[in-house]
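Keeping their order, the protein sequence lines are chains W and B. Using the working numbering, the letters of the first sequence map in sequence onto residues 1 to 125. Using the working numbering, the letters of the second sequence map in sequence onto residues 126 to 824.
Wrong hints could be hidden among the right ones.
Label pairs and their in silico Cβ distance ranges [stated by the list, open to error]:
no.	chain 1	residue 1	chain 2	residue 2	range
1	B	680	W	69	30 to 38 Å
2	B	477	W	93	22 to 30 Å
3	B	766	W	69	57 to 65 Å
4	B	631	W	115	21 to 29 Å
5	B	477	W	69	45 to 53 Å
6	B	507	W	90	29 to 37 Å
Below, a list of computed lysine-lysine pairs in the DSS-like style, where the Cα atoms sit at most 25 Å apart [claimed, not checked]:
no.	chain 1	residue 1	chain 2	residue 2
7	B	615	W	24
8	W	115	B	615
9	B	568	B	548
10	B	615	W	116
11	B	127	B	468
Note that these hints are calculated values from the structure, not bench results. Being a predicted model, the structure only gives us computed values, none of them experimental. Here a beta-carbon is modelled for each residue, glycine too, at the ideal position from N, C-alpha and C.
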Amino acid sequence: MAKLLIIEDDLLLNEAYRRKFEEKYDVRIATDGEMGVKEADTFEPDLILLDIYMPGRLNGLDVLKELKKNQKTTNIPILVITNLPDAMERVLQMGATKCFMKTDVGLSNIDEELKKMCPKDKLSS
Amino acid sequence: MKIEHLGRLFLIGTTSLVLMVGSVMLMIYIQRSVELRRIAELSKTLDDVVKTMVDKIDRGVDLLYDLKGLISLSEDHPRDWNDHFKALVSDQNHQDYSLAYVPKIARKDLKKMELEMRSSGIDDYENYQVFPKTDSLTIYPIKHLYSIDPQINDLLGFDLQTSENTMAALLLAEKTNQPVMSELGRLEEIIPQSKKTGYGVIMPIFKIENIEEIPIEKRDEMLIGFIDVWLNVDRLKEEFVTRPGIRYSLIDGDKKVMSVGSLQGERPMHTVSKDFNLLNRKMKIILDTDRLYKLSDYEENLPTITLVMVLSLNILWFLSIYSFVSADRRAGSLVEFATRDLKKFKQAVDGVSDQVVITNIDGTIIYVNKAAMKITGYTEAELIGKKPSLWGGNMPKEYYQRMWRTIRDEKMPFEDEVTNKRKNGESYEAEMHISPILDEQKKLLFFVGIERDLSKERAIEKIKTEFISLASHQLRTPLSAVKWFTEMLKNGDGGPLSKKQKEFVDRIEESNQREITIVNSLLSLSRMESGKIAVMPKSTDLKTLVKSIIGDFELNPEGQGKVFIDQVSEKLPIINIDADLIRHVYANLISNAIRYTGEKGEITVKVYAKDGKIISEVSDNGIGIPMEEQERMFQKFFRASNALKKFTEGSGLGLYLTKAIIESSGGEIRFSSVEGKGTTFEFTLPIKTPPVKAGKKLD
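Chain W extracted, bound-state conformation (with noise of 0.2 Å):
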């Protein structure tokens, strides 16, 4: 099983992101910036869900920041899940594979989403 690691501060949307995603995925949550980075370097996830409005020292910006800046986390596919449409254009230039509105998007389209970032000898049947 891929293992994705999903760092988002909302409680709720954790839930939601969990219930879609628990049996496809090996899923991990971090419920703020500097606990996503170091579960990103400890965990080794295949896939990473960012949100970028995140209270705490690191926001997602600089999550990302960071990311791309570790060896080991660089190369790992995000997808950026958030609810500031200023941050879209500043998430792909930092690296982000690809980025939604939360309001915008469907599970289901997350899902389509993942599938298609996960590497292709990780994808469980």
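With chain W fixed as given, assemble chain B onto it according to the hints.
Then chain B, alone, in the frame of chain W:
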């Protein structure tokens, strides 16, 4: 100041007083001078007159003496006497005088004398007779007479005994042995027709030389006779220069002898008199003058001239004072006005919320307004005389180089944003505008710098941005949650749903989607209004875009039951537009069309190119827009009354945003509608993109 004022007042007052008093004194002086001159003139005239009179008498006396001398030398023959007389009076001057020799004759000798005279052989004496004949023992007949006046000559033989005047004079002359002037004699006493009057001067002739040794009582015995020189008073009168306004009066003792000239009124203006002696007679001449008597024109007019001059001077002086005072006052009020205007001006500048700093051309501050002190944090004392680098100098060197180049070398205004530092060290952003002020020769006079503290604005912007970010996130996150959970529900991830449950979930999803749309609109609006939405044109295949939107709506539950007519031209050019924003426009118009049509509503979408523009039309056959409300369709939050009835949850923002997007993209939008029939919205987009209007602020 008050003392200076008082001093000036004092000076003016004193000068005025001196001027007035001086004028009066001058006038008085001139008047008196003229008076004195007049009197002096008169006195002189009088003196002259007197002198002449005295002269005349003296000459008469000289004649007597001469005659007396002659008598002692010769015999007593009439011819001799005539010769004597003639010799004496040959001189022009002496023709005024009548000369007479009067012997003292005893009565008994009278006849003899008469006879002698008649037989003298001289024609004049042919009928010589003494008259009037009196009983007097002593007779004084005129024996020899000489006069140019024939009337006088008729007196030859006249007995002067009868003349009291003459006798009185003779008596006195005997006493004093001096020539004596008789009282004024009237010829009419002798010759009734004659009006002549005159004076006689009598000199007695004695038997012996030294009559003074003889006592007075005995002198009469010694008397031989006397010589009498007679002067017509008219001769004296001639001396009186008659002029208008002058009257001479000759007083003899206390009797007025004669008066020459006349005055206008009874009372003379001036009177001079002189007492003098004509031999033994005490005489007085009175000179009366009235207004008519004038000195020279110059002198007469002098007082008037002086008066005019003095008045003029006074008037000039007071006019000058007045004009000075009023000029002064005018200047004062001008200054007051100017000051008041200046005060108002200063107040205005002080009241302005922007910082106003005036420096001279080397940058030294000469004026700061209140706002300057408030913004920079320094007091007026700390600012005046210093340079603006006090709160500036935080920008890169090139910034200030550029600034000085613009305002000093190019003498143009400089406008830019700048970061400054307040007295307390706080940095702040400001909008700075510096204008060089030039004189008529385009030389730099000073600089006026206006700065607007932008910190508040910046802070507000920061808050806005943060708010929008926060709102974006906080509003949307729950909406996402609902969206996804309902998605999962419908998917069956929570177990199979009954038909009713599915319906309920549909409702939830619908409502949620609406909410998402509204929130999106609101946030887009906010961002547009704070300039956060940048219109970012990219090459877009409009045909594909529009068709995909229509496709989405057809599948959408919203669009069920509606008829979509696709009239999108096949030959649409690729244009540069912000696809996301334009997508929003089509979505808004189509969803409106769907919303406001009934069942089986028809929605037509037509897109074509024409005249360098892409023209899009979205028409429906729905409820239309009431005529009186059409004007307000693009207003923020406005909803037409019939639309409100049909669909209560509309935000009223859709069209406002649509219009903003189209106009930002360089296009125009309008509509036509008939209530109950339908509506057509039409908008244009340029094929050639206008310059990017990044973050255009909406009005």
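Quick check: which numbered hints come out false for this structure? Going through the list in order, the structure violates hints 1, 2, 6 and 9 and respects the others.
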